[in-house]
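For reference, the chains in residue letters:
There are 2 protein chains.
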Amino acid sequence: MAKDFYHENVRLALEKDGWIITHDPYPLKVDDVGYEIDFGAEPLIAAQKDETTIAVEVKSFIAPSTVNEFHKAVGQFNDYYVALEVKDPQRTLFLAIPEDIWMRFFLKPIIQKSLARIQAKVIVYNPFKNEIVQWIK
Amino acid sequence: MAKDFYHENVRLALEKDGWIITHDPYPLKVDDVGYEIDFGAEPLIAAQKDETTIAVEVKSFIAPSTVNEFHKAVGQFNDYYVALEVKDPQRTLFLAIPEDIWMRFFLKPIIQKSLARIQAKVIVYNPFKNEIVQWIK
Numbered sequence: 001m002a003k004d005f006y007h008e009n010v011r012l013a014l015e016k017d018g019w020i021i022t023h024d025p026y027p028l029k030v031d032d033v034g035y036e037i038d039f040g041a042e043p044l045i046a047a048q049k050d051e052t053t054i055a056v057e058v059k060s061f062i063a064p065s066t067v068n069e070f071h072k073a074v075g076q077f078n079d080y081y082v083a084l085e086v087k088d089p090q091r092t093l094f095l096a097i098p099e100d101i102w103m104r105f106f107l108k109p110i111i112q113k114s115l116a117r118i119q120a121k122v123i124v125y126n127p128f129k130n131e132i133v134q135w136i137k
Numbered sequence: 138m139a140k141d142f143y144h145e146n147v148r149l150a151l152e153k154d155g156w157i158i159t160h161d162p163y164p165l166k167v168d169d170v171g172y173e174i175d176f177g178a179e180p181l182i183a184a185q186k187d188e189t190t191i192a193v194e195v196k197s198f199i200a201p202s203t204v205n206e207f208h209k210a211v212g213q214f215n216d217y218y219v220a221l222e223v224k225d226p227q228r229t230l231f232l233a234i235p236e237d238i239w240m241r242f243f244l245k246p247i248i249q250k251s252l253a254r255i256q257a258k259v260i261v262y263n264p265f266k267n268e269i270v271q272w273i274k
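Chains A and B supply the protein sequences, listed in that same order. Counting from 1, one number per residue, gives the positions in the first sequence under our numbering. Counting from 138, one number per residue, gives the positions in the second sequence under our numbering.
Next up, chain A with everything else stripped away, as it sits in the complex:
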């Protein structure tokens, strides 16, 4: 189970924002007709603040192809979303994206359309300051 490059930075950013980390990694296995599907190949962070519980898919976008990383992030988000609906429907899924990639790639209209189509909620983070810059719900 390979942690994403900025996994620890996002964990620290959540703690700085007042969240309690409840699971790291958060297990996301679905038993389905005698077949266990492990969606958590890249570990999610689960956190809680008051009554709110979240799961965070951390993406660093340090691979050479941003488009390939984006395909993967979108596919994982959709699959994690349906798995959470079954396993833990109160928990809200977020995709965590570094601020520089958010500004440079994700604000393009076509990318915004793709995020909207899967109803992605996003945390924009700064990996150098270990801080959350924006919540997009």
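To be clear, the hints were calculated from the coordinates, so they are not data collected in a lab. Errors might be hidden in some of the hints.
[What the hints assert, rightly or not] Below, a list of computed lysine-lysine pairs in the BS3-like style, where the Cα atoms sit at most 25 Å apart:
#: 1; chain 1: B; residue 1: Lys-209; chain 2: A; residue 2: Lys-113
#: 2; chain 1: A; residue 1: Lys-113; chain 2: B; residue 2: Lys-245
#: 3; chain 1: B; residue 1: Lys-245; chain 2: A; residue 2: Lys-29
#: 4; chain 1: A; residue 1: Lys-108; chain 2: B; residue 2: Lys-250
#: 5; chain 1: A; residue 1: Lys-87; chain 2: B; residue 2: Lys-250
#: 6; chain 1: A; residue 1: Lys-113; chain 2: B; residue 2: Lys-274
#: 7; chain 1: B; residue 1: Lys-245; chain 2: A; residue 2: Lys-72
#: 8; chain 1: B; residue 1: Lys-153; chain 2: A; residue 2: Lys-72
#: 9; chain 1: A; residue 1: Lys-121; chain 2: B; residue 2: Lys-209
#: 10; chain 1: A; residue 1: Lys-108; chain 2: B; residue 2: Lys-166
#: 11; chain 1: A; residue 1: Lys-29; chain 2: B; residue 2: Lys-209
#: 12; chain 1: A; residue 1: Lys-72; chain 2: B; residue 2: Lys-258
#: 13; chain 1: A; residue 1: Lys-108; chain 2: B; residue 2: Lys-224
#: 14; chain 1: A; residue 1: Lys-87; chain 2: B; residue 2: Lys-245
#: 15; chain 1: A; residue 1: Lys-121; chain 2: B; residue 2: Lys-250
#: 16; chain 1: B; residue 1: Lys-224; chain 2: A; residue 2: Lys-72
#: 17; chain 1: B; residue 1: Lys-166; chain 2: A; residue 2: Lys-113
Fit chain B to the given chain A structure using the hints.
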């Protein structure tokens, strides 16, 4: 641009089914605020029958991790879908999946939920007979 392992088999299956192949690969570049995004890293097949035009994302699922391939297929489908809405809105996108993987993995309820969430239309094909087994629209 790497073709999928069963790319030619799906092309032959479409021709056998009476489709005319109009583009192979079908280019899917979107100009977006002075930034060209090439979504077609894995080439789509475009085909036509009477007035109906389709684009087909071929998936072989021969990689070791079916779940990773599935994440990627779902992310690509969603991104191709929004790109087609901009570039060629009359064309219908299909995800082509081999029959054995369809039976063994895709019929699981959690996987069906994930496909439904992105409104995926599917072509199930037999790569040994080069035939289309089922259209799921």
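We went through each hint and held it up to the structure:
1. The straight-line distance between the Cα atoms of Lys-209 (chain B) and Lys-113 (chain A) is roughly 18 Å, inside the 25 Å bound, and the hint therefore holds.
2. Annotation: proposed proximity of Lys-113 (chain A) to Lys-245 (chain B) is violated, straight-line Cα distance about 28 Å (limit 25 Å).
3. Note on Lys-245 (chain B) and Lys-29 (chain A): the hinted pairing holds, with a Cα-Cα distance of about 14 Å set against a maximum of 25 Å.
4. The hinted pair formed by Lys-108 (chain A) and Lys-250 (chain B) fails the criterion: a straight-line CA distance of about 28 Å is larger than 25 Å.
5. For the given pair, Lys-87 (chain A) sits about 13 Å from Lys-250 (chain B) by alpha-carbon distance, which is consistent with the 25 Å threshold.
6. Among the hinted pairs, Lys-113 (chain A) with Lys-274 (chain B) is consistent with the structure: their alpha-carbon atoms are about 22 Å apart, no more than 25 Å.
7. Proximity of Lys-245 (chain B) to Lys-72 (chain A) is assessed by CA-CA distance (about 21 Å); at most 25 Å being required, the pair is judged to hold.
8. Proposed proximity of Lys-153 (chain B) and Lys-72 (chain A) is contradicted: the alpha carbons are some 32 Å apart, above 25 Å.
9. Of the supplied pair hints, the one linking Lys-121 (chain A) and Lys-209 (chain B) holds, its CA atoms being roughly 19 Å apart against a limit of 25 Å.
10. In summary, the hint linking Lys-108 (chain A) to Lys-166 (chain B) is supported, as the alpha carbons are separated by about 14 Å, within the 25 Å threshold.
11. The straight-line distance between the Cα atoms of Lys-29 (chain A) and Lys-209 (chain B) is roughly 18 Å, inside the 25 Å bound, and the hint therefore holds.
12. For the hint linking Lys-72 (chain A) to Lys-258 (chain B), the alpha-carbon distance of about 19 Å falls within 25 Å, and the restraint holds.
13. Taken as a hint, the Lys-108 (chain A) and Lys-224 (chain B) pair is honoured in the structure, with Cα atoms around 15 Å apart against an allowance of 25 Å.
14. Between Lys-87 (chain A) and Lys-245 (chain B), the direct Cα distance comes to roughly 15 Å. Compliance with the 25 Å bound is thereby established for this hinted pair.
15. With a CA separation close to 19 Å, the supplied pair Lys-121 (chain A) and Lys-250 (chain B) stays within the 25 Å bound.
16. With a C-alpha separation of about 22 Å, the suggested pairing of Lys-224 (chain B) with Lys-72 (chain A) holds against the 25 Å cut-off.
17. Distance check on the hinted pair: Lys-166 (chain B) and Lys-113 (chain A) sit about 15 Å apart at the alpha-carbon level, within 25 Å; holds.
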